[in-house]
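Visitor: Given next are the chains, with one letter for each unit.
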Amino acid sequence: MHELKLTEGIVAILNKEVASPEVGKVKNIYLEVGKLRYIVPDIISNCFRHMPKDKKLEAAEIVIEELPVKVKCQDCGEVSVVEESNYSCNRCLSSKTQIISGDELNIKGIEW
Amino acid sequence: MGYKVIKEKVLRANADTAKLIKERLDSAGTLMINIISSPGAGKTAFLEKIGPRLKEAGITLTILAGDCFTCRDAERLDKAGLEVIQINTGNACHIDASLIDKAISQVDIEKNDLIIVENVGNLVCPAEFELGEDMKIAFLNVAEGSDKAIKYPLLIKESPLALINKVDLTQMSDFDMAFCKECIRQVNRNIDIIEMSVKTGQGLDEALNWLVDKVKIKKEKAS
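Taken in order, these protein sequences are the chains called A and X. Residue numbers for the first sequence follow my numbering, so the first one is 1 and each next one is one higher. Residue numbers for the second sequence follow my numbering, so the first one is 113 and each next one is one higher.
Among the hints, erroneous ones may be present.
Said to hold, decoys possible - Non-contacting residues of chain X with respect to chain A, defined by C-beta distances greater than 10 Å in every case (computed):
hint, residue
1, H206
2, R301
3, Q314
4, K326
Unchecked claim - Residues from chain A that face chain X, not an exhaustive set, calculated with beta carbons under 7 Å:
hint, residue
5, L6
6, G9
7, I10
8, Y38
9, V40
10, S85
Simulated from the structure, these hints should not be mistaken for lab results. Even for Gly, the Cβ is constructed at its ideal location relative to N, Cα and C.
Using the sequences and the hints, build the whole thing.
Guide: Right, here's the structure in full:
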């Protein structure tokens, strides 16, 4: 359900961006999505395909770069990439870590 | 051929509305808390019990009760003598900032110390949408199992408090409290955790004191 709301947000932002005369028929829309976000790429692509939008966006494909979840160790300071649901420090194996990234949901850019 | 860097949050429109809401609440010194849980975790029952106690502690509060359909939660809270506004989201599985904006236009913010959003029962989507709140509370419960923190880490990451309700059911289930707390701390090392049973009253004093303290801190910041 929220993929629809997110796609509305994407289209609203991009309708304004493509108004610039230098922007042609968009081929790719690049999104950055952190792994903590519960986004299903196929659903976003489907929603986007069927959503009314500027003519310059009609043939565009959504390309999602999935960003990893990273934690910072409060014992040794190491920044580790989280695999599966193991939030322990990769260096000292401490469980005293804090999530510092992985909740991104951004439009990175467009390519035409 | 060309490329344009955009670097824009997808939820920018929602974030902008949330920011305006927060600014209004900040200038009035009003604390807003967003309580998020799965359906049936006990949010409404919790508010029925804690709401009157917050009032007794001298706190003026309004509850924004979110549900897809019906006004059942708002009716219960109204019967408990609490100020409540029902938000019906229809097919939407979460409340967003525009709905909060509409709801708080009916609230005299200056007269309220605390606004509590009882979000739609859902551990997934509500965590993604800022409402202008000062903080989220992760409202877990024994009946849903011990591992929800690692299955729904975004909510845990965003919350300074996890309430674990229905501890009176622990003996009747496979729920492992130590494992549940370990999962929570794995995701958010600094979170406060309160074991609670709205039914028996266990943990309610602690939850009340936690909330009263946060209201006090917000008021002091504004003055």
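Visitor: Run every hint past the structure and note whether it holds.
Guide: For each hint, the structure was consulted:
1. H206: violated (7 Å)
2. R301: At roughly 5 Å from the nearest Cβ of chain A, X/R301 sits no farther out than 10 Å, so the non-interface label is violated.
3. Q314: Given a closest Cβ separation of 27 Å, the condition holds.
4. K326: holds (21 Å)
5. L6: Interface hint status for A/L6: holds (5 Å vs cutoff 7 Å).
6. G9: holds (5 Å)
7. I10: A/I10 check passes; min Cβ-Cβ to chain X is 6 Å, inside 7 Å.
8. Y38: holds (5 Å)
9. V40: Constraint on A/V40 not satisfied, violated at 11 Å.
10. S85: holds (4 Å)
The structure is inconsistent with the numbered hints 1, 2 and 9, although it conforms to all the rest.
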